[in-house]
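Visitor: Residue numbers (this note's numbering), protein chains in the order written: chain E, 1 to 501; chain Z, 1001 to 1447; chain A, 2001 to 2128.
To be clear, the hints were calculated from the coordinates, so they are not data collected in a lab. Careful: at least some of the hints might be erroneous.
As the list claims (entries may be wrong) - Each computed DSS-like pair below joins lysine-lysine, with the alpha-carbon atoms no more than 25 angstroms apart:
no.	chain 1	residue 1	chain 2	residue 2
1	A	K2050	A	K2106
2	Z	K1370	Z	K1443
3	A	K2065	E	K388
4	E	K185	A	K2094
5	Z	K1370	E	K189
6	E	K368	Z	K1028
7	Z	K1039	Z	K1009
8	Z	K1370	Z	K1391
9	E	K489	Z	K1284
10	Z	K1086	E	K117
11	Z	K1249	E	K10
To be verified - So the derived label-pair ranges between C-beta atoms look like this:
no.	chain 1	residue 1	chain 2	residue 2	range
12	Z	S1446	E	K2	53 to 61 angstroms
13	Z	R1149	A	E2095	30 to 38 angstroms
14	E	H158	A	K2106	33 to 41 angstroms
15	E	D437	Z	K1039	28 to 36 angstroms
16	A	Y2125	Z	E1008	28 to 36 angstroms
17	Z	T1007	E	H158	52 to 60 angstroms
18	E	E103	Z	E1392	15 to 23 angstroms
19	E	D24	Z	R1149	46 to 54 angstroms
If you're wondering where the values come from, they're calculated on a predicted model, not measured in any experiment. In this text, a Cβ means the ideal position worked out from N, Cα and C, and glycines have one as well.
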Amino acid sequence: MKLIFEKTVKGRDGYSLPQDLFDDIRIEECLPEYAINKGKKLLSEVSEVDVVRHFTKLSKLNYGLDDGIYPLGSCTMKYNPKINEKLASLGNFIYAHPLAPEETVQGCLEIIYDLNKLLCEITGMDEYTMGPAAGAHGELAGILIMRKYFVDHGDIRHKMLIPDSAHGTNPASAAMGGFQVVEVKSNEKGTVDLEELAKLMDEDTVGLMLTNPNTVGLYDEGIEEIEKIVHGKGGLLYYDGANLNASLGIIRPGDAGFDVVHLNLHKTFSTPHGGGGPGAGVIGVKKDLIPYLPTPNVTFNSNQKKYYLSDTGEKSIGMVRAFWANFSVLVKTYTWILSMGPDGLYNTSETSIINANYVLAKLKKYYKPAYDRYCGHECTVTGREYKKYGVKTLDIAKRIMDYGMHPPTIYFPHFEPYAEETIMVEPPESESKETLDKFIDIMIKISDEAKTNPELLTTAPHNTPIRRTNDALAIKRAILTYDDELKLKDELKYQEKDIDF
Amino acid sequence: MRYIPTTEKQKEKMLKDIGVSSFEDLIKSIPQSLRLKDKLNIPEAMSESELEDNIFHIAKKNADFYSMKPLIGAGSYRHFIPEAEKFLLQREEFWTCYTPYQPELSQGTLQSIFEYQSYISRLIKMEVVIPSIYDGASATAEAALMSLRLTHKNKIIVSNLLHPHYRETVKTYLAPHETEIIDLPYKNGLVDMEKLKILIEEDAASVIIQSPNFFGGIEKISEISEIVHSKGALLINVIVESMSLGILKAPGEMGADIVVGNAQSLGMDLNYGGPYNAYLGTRKQYIRQIPGRIVGETVDVDGKRVFVMTMRAREQDIRRERATSNICTNHNLNVLASNIFLSLMGTEGLYQISLLNAKSAHYLENLLLKSGKFEKVLNYPFYNEFLLKSKEDVSTVNKKLLENNFIPPLKICEFYQAENLNNVLLFAVTEVLSRDNLNLVAKILSE
Amino acid sequence: MSNKVIENLYYTKSDEWLKVEDGIGTIGITDYAQDQLGDIVYLEKVEKGKKLKQDDTLTTIESVKAVSDVKTPVTGEVTEVNIKVIENASIINKEPYVEGWIAKMKIENKDELKNLMSAQEYSEYRKE
């Protein structure tokens, strides 16, 4: 589609300037010569109408959750309730300045304080911090807390254990936290190999980062043993909450012995993904780790009946961001929890687990499961069988688009020999049986097409706004801005139809 | 439950199809001993109308911020946001979609990011722009880490006039790397050049400055960059008030090697501190060390011009512990907000509003100085924030302002303990304050 | 699935090949490896004169969607680097065994060759 720059008509404007531009003050009176830009920086010149049409058209090239199922494994693409948005955008919240006097922001502080208590109850932890902006940000904060805890106890450790099935953020966060990553292999059941864990867990290891159910959607039944092994060597257990949607009201990470937990509020707690954020990656800890939480936290003075932002103290890892939290995401989370109640939360996990197992049961004849057992809230099957027809999992995913649905997560997790050519389906509780049946039908149809007409898959998608992209070219001939494109104008030679569709 | 379509009867049918007799059969792998025995102890589900009442009630415990005008910035600036932006942002195709891993179904998000990269590249004069890191503070920390990787050195020099939260965040991120962090003092509201010359040595990876700085001061970036480069270090320039970019010279033009910007001013509400967004710009030669996602242009099989996430092999999902950063989910919706905002503003709009901010701030400073109730403590050129020492106790001043529906300025002593900054306020003025508003402020404070 | 194997080369489990001539070993990655990686876009610079032990990382290779270490099959010193491949890594996709060689090394210990696979063994090892 045409870029906003290509819609520019010189002299057009899309903004209404105030009547009074303080013309009585000269520019030289307020800004030093060394700092004033010569001329105006070129942006675009379009009217408000142009902007509205441009972005409306762009939006139509996207597929959103309100368009249909979004069964991305490990992403928990569940319905984003509309009331959450309304309440998060109340004027008293969105115009609240983060450094406004405490007495003027009691409402914001109350939400942060109350949400902390709710999340503690839901996960069995003792205290949360709302600072981290996303899951990986929470991981980093959590790992820094673990680090500080050991340093504080004069017990310097260098290694972090991470299962081979973990999200890439786990090892990347551990490395940012200064730790050497040691990979723990999964066993044939798809869970942590206890013998290997016992061998690897030593007194130079801070602990283990675990997702449970893990990233193939399987509950680690060895969790009690894992807890004993890690704590037995004085280590700490880190819970990656990406898959909490399978546990609400059933099991709490705190009760299973986890010491640090991060939650992706934009997954389990229904806040929208926004095309890749903003979310929030709040972290919860057990009592012993509270002093190390990032600063500040919110406290309540029951005598004065007032909430405060207070410094966590000298043991704190410090700040992980400017200001306090992705506040509007917290309001949405708070709203969601209150609209679900305890039964709604249990129903959420129960339904999502039934959904995933239903999909698994119906698909396993056509797509071999990575592990033949019941799954949590997501199931992992593989497209291996179709390799002999020249069809890869990627092709299956692209073909799903032709049927007007978003494909599941593919090639993740990936580790030999079980999880190859993986297709990971997460059908959250907000997907109805009818939607699942339609998805299953399409998957079965595609499995048939793979055998009878593989080319249909290898050239898919056919019905999407654009088709397969040349990703290698994007790297070799890096065009990262419109100005890069302008420099290559002669070489590119786009036809009108190539840029205006 | 209105968000869960499956009925109890359907669940039974599904369990039957799975081949189990009860839900319990599916979760046998969860040890009984660890199961919750009772219902979660949280409030029972509220209806939508009860929910509204409840949250309205809590929101009312805040001040009526909608009708208040802020005289405070300090990292969070209230600028006017056109309704068209807010309206477009809420389109579900943008609002509810996932990270654009499947370009065939996400050209809307991808093209928007590309346009944003193009805008920011022109505003800061950098070839490469990472569109989104969570916020200015975490992006500054990422830039610091990037400078360590690029130079293989482990010492950074940080201006004292970098936003205190940003400084704290940099310290937090660098703690595991045992990086030596040296404070660069200020003199008269700007970086102390003589001190910089003394502090900088060949072992420094980078120098981090902010301009306009925390006091609002406009740094002499070209001079600083010469000093920094003479010792082989990189200059990281942080912009906290991005509205300044419409009128101020681009840092890339003045020798900055990495530019980090808090994008909140470009179309984001205050939201009690977040979510905001930050961009990170640099030169092409440093591209292999950039953190986070970036979008590039390519073609599809039909030859259409399309956009994809690119240079992905740096990222955590591919490179794992050797990734340039752990960042995954970022703030892409905020990128879209800024893109729409900048499109509406256009060349002329951004220039005019940017200039207006500077003018109205100077207008207020002048009025307050004339009132005789305030005096200048440091003399430096500023953009839209400035320091003034009050003759009256600042708490009294702020109380008066609050009573008159202004969010009061920052008491600078909350962040800086220098003696001459006692009883000093950091005022911020943006275009949302009209001449009448500013005259009223001066009037209230003259009484 | 592409898995061309050339006779008279040595192979590793991590999918490198080694050609030995007069005590000099030429190193590259196998057809199977390039196929698994997909579009190769970048090869980290290899330092001439660098001494490496068997299984040390010689360089890192990046494709659009993957990244992988190239291990050195034998201990020795890097004597030559294929500049053409550094400049245009996609040569490896087209011709992994001839033009796509990555570096040459002076082999220090010929006994190490015993740890490597023959063409036939490798072919068996990477059979689907």
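Visitor: Hint by hint, note whether the structure agrees.
Guide: Okay, the hints, checked on the actual structure:
| no. | hint | in the structure |
| --- | --- | --- |
| 1 | A:K2050 - A:K2106 | holds (11 angstroms) |
| 2 | Z:K1370 - Z:K1443 | holds (11 angstroms) |
| 3 | A:K2065 - E:K388 | holds (23 angstroms) |
| 4 | E:K185 - A:K2094 | violated (34 angstroms) |
| 5 | Z:K1370 - E:K189 | violated (78 angstroms) |
| 6 | E:K368 - Z:K1028 | holds (22 angstroms) |
| 7 | Z:K1039 - Z:K1009 | holds (22 angstroms) |
| 8 | Z:K1370 - Z:K1391 | holds (13 angstroms) |
| 9 | E:K489 - Z:K1284 | holds (19 angstroms) |
| 10 | Z:K1086 - E:K117 | violated (32 angstroms) |
| 11 | Z:K1249 - E:K10 | holds (23 angstroms) |
| 12 | Z:S1446 - E:K2: 53 to 61 angstroms | holds (54 angstroms) |
| 13 | Z:R1149 - A:E2095: 30 to 38 angstroms | holds (33 angstroms) |
| 14 | E:H158 - A:K2106: 33 to 41 angstroms | holds (35 angstroms) |
| 15 | E:D437 - Z:K1039: 28 to 36 angstroms | holds (32 angstroms) |
| 16 | A:Y2125 - Z:E1008: 28 to 36 angstroms | violated (54 angstroms) |
| 17 | Z:T1007 - E:H158: 52 to 60 angstroms | holds (53 angstroms) |
| 18 | E:E103 - Z:E1392: 15 to 23 angstroms | holds (20 angstroms) |
| 19 | E:D24 - Z:R1149: 46 to 54 angstroms | holds (50 angstroms) |
Taken one by one, the earlier hints fail for this structure at numbers 4, 5, 10, 16, listed in ascending order.
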